[in-house]
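K.L.:
Sequence:
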Amino acid sequence: NLFYPIYKENNIELNEEEKYFNKVFRKFRTTVENQFCELHNIFKQFSNNNSIIKTSDYKYINL
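Note that UniProt numbering has the sequence shown beginning at 1, numbered continuously upward.
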């Protein structure tokens with residue numbers, strides 16, 4: 001079961017209950033999207049794709 005915002009029909013305004021539903025739904029959706037963003041940042045932090053020091057950053061490497 002999917003939820004989606006209530007859309008206004010042509011020349012018919014939303015009533016107060018529909019406006020309230022959209023407002024609550026918008027807050028909930030924003031919260032969920034922010035949680036996904038935090039998850040993304042956590043996984044990005046632990047990935048090896050962006051290591052702090054790369055050998056390509058140096059012109060000469062002493063062994």
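These aren't lab readings, by the way, just hints derived from the structure by calculation.
This one's a predicted model, so the numbers in the text were calculated from it and none came from an experiment.
A hint or two may mislead.
[Claimed, not checked] Calculated pairs, DMTMM-like style, for lysine to aspartate or glutamate (alpha carbon to alpha carbon, straight line, at most 25 angstroms): (1) K19 <-> E38; (2) K19 <-> E33; (3) K27 <-> E16; (4) K27 <-> E17; (5) K27 <-> E38.
K.L.:
Taking the hints in turn, state whether each one holds.
P.N.:
Hint by hint, here is what the structure shows:
For the given pair, K19 sits about 29 angstroms from E38 by alpha-carbon distance, which is inconsistent with the 25 angstroms threshold. Between K19 and E33 the CA atoms are separated by roughly 21 angstroms; this keeps the pair inside 25 angstroms, and the hint holds. Restraint check: the Cα-Cα separation between K27 and E16 comes to about 17 angstroms, which is no more than 25 angstroms; the hinted pair holds. The suggested pairing of K27 with E17 holds, with an alpha-carbon distance near 16 angstroms, which does not exceed 25 angstroms.
With a C-alpha separation of about 17 angstroms, the suggested pair K27 and E38 falls inside the 25 angstroms cut-off, and the hint holds.
Hint violations for this structure: number 1 only, all remaining hints satisfied.
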